[in-house]
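*Asks:* Residues per chain are reported as follows:
2 protein chains.
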Amino acid sequence: MNEWKNLNELSAYQQLLKAGRVDLTKVMAGNEGSERVQQYQAPMAAGLKYVYAAKQVDADILKNLCALAEEAQLASKFEELYNGAVINTGEKRLVLHHLTRGQLGSNVQADGKDKRAFYTEQQERIAAFAKKVHNGEIVNEKGEKFTTVVQIGIGGSDLGPRAMYLALENWARKNGSFLMEARFISNVDPDDAANVLATTDLSRTIFILVSKSGTTLETLTNEMLVKDALNKAGLSASRHMIAVTSETSPLAGNSDYLDAFFMDDYIGGRYSSTSSVGGAVLSLAFGPEVFARFLNGAAEADKLAAGKDPMQNAAMLDALIGVFERNVLNYPSTAVLPYSQALSRFPAHLQQLDMESNGKSVNRRGEPVDYPTGPVIFGEPGTNGQHSFYQLLHQGTDIIPLQFIGFVNNQAEQDLDVQGSTSQQKLCANVAAQIMAFACGKKDDNRNKHFAGNRPSSIIVGNQLTPEALGSLLSHFENKVMFQGFLWNLNSFDQEGVQLGKVLAKRVLAHETDGALKAFSDMLKI
Amino acid sequence: MNEWKNLNELSAYQQLLKAGRVDLTKVMAGNEGSERVQQYQAPMAAGLKYVYAAKQVDADILKNLCALAEEAQLASKFEELYNGAVINTGEKRLVLHHLTRGQLGSNVQADGKDKRAFYTEQQERIAAFAKKVHNGEIVNEKGEKFTTVVQIGIGGSDLGPRAMYLALENWARKNGSFLMEARFISNVDPDDAANVLATTDLSRTIFILVSKSGTTLETLTNEMLVKDALNKAGLSASRHMIAVTSETSPLAGNSDYLDAFFMDDYIGGRYSSTSSVGGAVLSLAFGPEVFARFLNGAAEADKLAAGKDPMQNAAMLDALIGVFERNVLNYPSTAVLPYSQALSRFPAHLQQLDMESNGKSVNRRGEPVDYPTGPVIFGEPGTNGQHSFYQLLHQGTDIIPLQFIGFVNNQAEQDLDVQGSTSQQKLCANVAAQIMAFACGKKDDNRNKHFAGNRPSSIIVGNQLTPEALGSLLSHFENKVMFQGFLWNLNSFDQEGVQLGKVLAKRVLAHETDGALKAFSDMLKI
Numbered sequence: 094m095n096e097w098k099n100l101n102e103l104s105a106y107q108q109l110l111k112a113g114r115v116d117l118t119k120v121m122a123g124n125e126g127s128e129r130v131q132q133y134q135a136p137m138a139a140g141l142k143y144v145y146a147a148k149q150v151d152a153d154i155l156k157n158l159c160a161l162a163e164e165a166q167l168a169s170k171f172e173e174l175y176n177g178a179v180i181n182t183g184e185k186r187l188v189l190h191h192l193t194r195g196q197l198g199s200n201v202q203a204d205g206k207d208k209r210a211f212y213t214e215q216q217e218r219i220a221a222f223a224k225k226v227h228n229g230e231i232v233n234e235k236g237e238k239f240t241t242v243v244q245i246g247i248g249g250s251d252l253g254p255r256a257m258y259l260a261l262e263n264w265a266r267k268n269g270s271f272l273m274e275a276r277f278i279s280n281v282d283p284d285d286a287a288n289v290l291a292t293t294d295l296s297r298t299i300f301i302l303v304s305k306s307g308t309t310l311e312t313l314t315n316e317m318l319v320k321d322a323l324n325k326a327g328l329s330a331s332r333h334m335i336a337v338t339s340e341t342s343p344l345a346g347n348s349d350y351l352d353a354f355f356m357d358d359y360i361g362g363r364y365s366s367t368s369s370v371g372g373a374v375l376s377l378a379f380g381p382e383v384f385a386r387f388l389n390g391a392a393e394a395d396k397l398a399a400g401k402d403p404m405q406n407a408a409m410l411d412a413l414i415g416v417f418e419r420n421v422l423n424y425p426s427t428a429v430l431p432y433s434q435a436l437s438r439f440p441a442h443l444q445q446l447d448m449e450s451n452g453k454s455v456n457r458r459g460e461p462v463d464y465p466t467g468p469v470i471f472g473e474p475g476t477n478g479q480h481s482f483y484q485l486l487h488q489g490t491d492i493i494p495l496q497f498i499g500f501v502n503n504q505a506e507q508d509l510d511v512q513g514s515t516s517q518q519k520l521c522a523n524v525a526a527q528i529m530a531f532a533c534g535k536k537d538d539n540r541n542k543h544f545a546g547n548r549p550s551s552i553i554v555g556n557q558l559t560p561e562a563l564g565s566l567l568s569h570f571e572n573k574v575m576f577q578g579f580l581w582n583l584n585s586f587d588q589e590g591v592q593l594g595k596v597l598a599k600r601v602l603a604h605e606t607d608g609a610l611k612a613f614s615d616m617l618k619i
Numbered sequence: 094m095n096e097w098k099n100l101n102e103l104s105a106y107q108q109l110l111k112a113g114r115v116d117l118t119k120v121m122a123g124n125e126g127s128e129r130v131q132q133y134q135a136p137m138a139a140g141l142k143y144v145y146a147a148k149q150v151d152a153d154i155l156k157n158l159c160a161l162a163e164e165a166q167l168a169s170k171f172e173e174l175y176n177g178a179v180i181n182t183g184e185k186r187l188v189l190h191h192l193t194r195g196q197l198g199s200n201v202q203a204d205g206k207d208k209r210a211f212y213t214e215q216q217e218r219i220a221a222f223a224k225k226v227h228n229g230e231i232v233n234e235k236g237e238k239f240t241t242v243v244q245i246g247i248g249g250s251d252l253g254p255r256a257m258y259l260a261l262e263n264w265a266r267k268n269g270s271f272l273m274e275a276r277f278i279s280n281v282d283p284d285d286a287a288n289v290l291a292t293t294d295l296s297r298t299i300f301i302l303v304s305k306s307g308t309t310l311e312t313l314t315n316e317m318l319v320k321d322a323l324n325k326a327g328l329s330a331s332r333h334m335i336a337v338t339s340e341t342s343p344l345a346g347n348s349d350y351l352d353a354f355f356m357d358d359y360i361g362g363r364y365s366s367t368s369s370v371g372g373a374v375l376s377l378a379f380g381p382e383v384f385a386r387f388l389n390g391a392a393e394a395d396k397l398a399a400g401k402d403p404m405q406n407a408a409m410l411d412a413l414i415g416v417f418e419r420n421v422l423n424y425p426s427t428a429v430l431p432y433s434q435a436l437s438r439f440p441a442h443l444q445q446l447d448m449e450s451n452g453k454s455v456n457r458r459g460e461p462v463d464y465p466t467g468p469v470i471f472g473e474p475g476t477n478g479q480h481s482f483y484q485l486l487h488q489g490t491d492i493i494p495l496q497f498i499g500f501v502n503n504q505a506e507q508d509l510d511v512q513g514s515t516s517q518q519k520l521c522a523n524v525a526a527q528i529m530a531f532a533c534g535k536k537d538d539n540r541n542k543h544f545a546g547n548r549p550s551s552i553i554v555g556n557q558l559t560p561e562a563l564g565s566l567l568s569h570f571e572n573k574v575m576f577q578g579f580l581w582n583l584n585s586f587d588q589e590g591v592q593l594g595k596v597l598a599k600r601v602l603a604h605e606t607d608g609a610l611k612a613f614s615d616m617l618k619i
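Going down the list, the sequences are from chains A and B. Per our numbering, residue 94 is the first one in the first sequence, and the count goes up by one each step. Per our numbering, residue 94 is the first one in the second sequence, and the count goes up by one each step.
Just so you know, the hints here were simulated from the structure itself, not pulled from any lab data. Possibly wrong hints are sitting among the right ones.
You can't tell identical chains apart in this list, so a pair holds if it fits in one copy or across any two.
[Stated by the list, open to error] No farther apart than 25 Å at their CA atoms in a straight line, the calculated lysine-lysine pairs in the BS3-like style are these:
#1 599 x 119
#2 320 x 267
#3 267 x 535
#4 618 x 267
#5 320 x 235
#6 595 x 119
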């Protein structure tokens, strides 16, 4: 039986607080630096690796982190989770997103069903539907094939699927898997829908309405804007719209939709990219085979995450180092910096995944914790970020830990040699250079040109951003966040912090306000 | 003559350190809260206002902040800047971006020219060029009109213009000003250009190559990828490409381009949206009249920023409150949260503007400062962010100051009443609700549903995001960042922190590496 203790109740954590500081300007220099790069690596799924040579850890600290993993029972807590325990204590729910891509432990029953079978069935239903759209069995009113898919959803129904779509768009174009263009409507701001509707051929478009409860304000409102536009174009909305929802929602078994595919309460929005929420749009855009490859990458990564040895478990090790940086070194934010334009929205997905999971001040039992938990997560792709906020990362007064991601090859394989190197080589040269610039800095008597160094980073390196590599990446971060939640003793699977705003917004719309809330409402002429 | 002192040498700052803490859960409640909303406002250009009722300030703190503004000579330092002093001490340059949209002080001469006349001339040349493209005087090889414009640039040549384009796209569609679609290529990752080139009709496209020096690695490499694609399509690159550069760069007076428009060393990339860098793409996309309206909004905001009274100078007041939050209350990051989908990339622009300007550890004389300077800036549009990282903002262990932006009306003016309110009303209700939820919180015996409140925010409110409103917003933040640089005694106009990475990347590409840098280069197969 696992014991759920606060981080500062663990003796390995107390030990870590006494650890000496690793000076990256020394350990990353010369032969020692070269050896660290070879040794400080952990394997990831789909041939990726996690390289933490430029993190402020050494053999002693790593040993302490392994002891922390053991004492915090990280591996057996994950085991408890994937075997179907009620890990989401706040909402009293199982946490089953891993089952959407594989089975790590025993069969899990819930709602009178084997849940792995349920998720697989939905995936197969989506695959069959997508095939019919692609081969012209399901067509528009005029008998024409659909060319575009628009996902209507917000939060986890938007950020993850959108990031995954962008991540594979160029790869699919190159590999003959670009079957339909995907677009997204999320914001309740009506200008979001207006823009998509103004630039999409409605007659050739399938809309996916994604809402687990079937009651998400933004999504239902946008559905109405879309239906209005379809009607005005003389199109029948029910021939252009499918739903992804729970079996008990008002959207299920509803003749307003061509079909409905299901999710359930055991998969949080931010963990739903491998469920029907990501499955429908990605299978339509790139075909079910590509989506299956993406799931395979994630399943392989989950298996690695189930390993007990942190040194061979990249997600667990990444989590441990992150907690060391947050709670021992006191760094309050982390930048995610993918050197891949395809991952342009991956940081936005991780921002939700991490900050919504672990941005909490009470433990699993609802008791306040007295240590910092989830950091601020932000980021943009390199090399773009280099010409933007890297100034602060290099020479600002705060230290921001960095998470680089890089690939040996690009996706479109269209490149040119300019001034003796390809664009891809320039891209990779930049990420290698940045790691070292951040770690070692550069002394200069002109303090304005001086770089102090000791700015820690890790890098995830892969050969190419394929569907499997993307699944590996996604699962890595999901599991990292889960392990950090275990370390901080948080419930990473609810989000009570989003409720108060919803309640007050309803009050504003009902004109049941006074004081400052009324004053702001008046100012905005609601 | 202005004295350039460090923040902690100022007696008003020492006074602020002794200030009591304002409890937002108290002052924002009841009648007092309502009164604060009415009183804690400062006017901005184009009818916008800056409302800081939910910031942790009171009459005493505001009085101290005004004393700080006086002691730090903020107004006369700005006066020195716009009259042409060498404010960029590192690079020994004038700082003249304000002159691209108006003249606040005396004529400024540099390089043997009146600079206001120079910037106006470039703007007029761009306007004439854009008119010729729009009316069909400048056409493609087949005599067809150009329909698309693609900006090739990175950093300030990308983030600002891209954010401004997206900000006005829907407005322009609604108001008959959507003349050409604009797209952007920035990253040296060849997949960035590949994606744009795969989805653009090259024969109808004008490319704008933007590089002040004419030597930016990413931009020149992407130019080659574009030229290669044009050549392969049987098109003549020189009929499809213009340059925005300095008069002394290799791109000026070069027959490879249809025409060239000029900027100079006195406008940093991140301050260049109102120069030719933003002017060319925005004038082509929406017409020179719309660009002129955008400049007018910025010019009006600059005039307000030149005022001496911080209580009537929103940019100065915002800067002062930000420094109070950073240096007295010790908050290390700030979230920018526009409730407008059109501002989806505005936070990314502000991230560069702020973090590249003030992410520094040495003062204007190159001496290390011993206080925190520029914070981490991040953000996404609301309501999207509510379904993402707001969990941490509400219930995380750190306090993150918030900068909301909201408009009474949307841009496309396509809306529907659903469940008794329009989408726009829902959007506005949400931002009003969030301000109060963050400020006042909500007590709950279930600690998981407890909101501590005391999370400070301000909001900029406008009627609609028009070109003038956008200019007002842009200038507000440029001037805020400038005033904060004055307070921290930084040079906000250089970026030495980006140099080391460039030097090391060149070394990698030349295979002149050893140690860890060689190990990383080998891993990435460069």
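*Asks:* Can you give the numbers of the hints that this structure goes against, from lowest to highest?
*Replies:* 3
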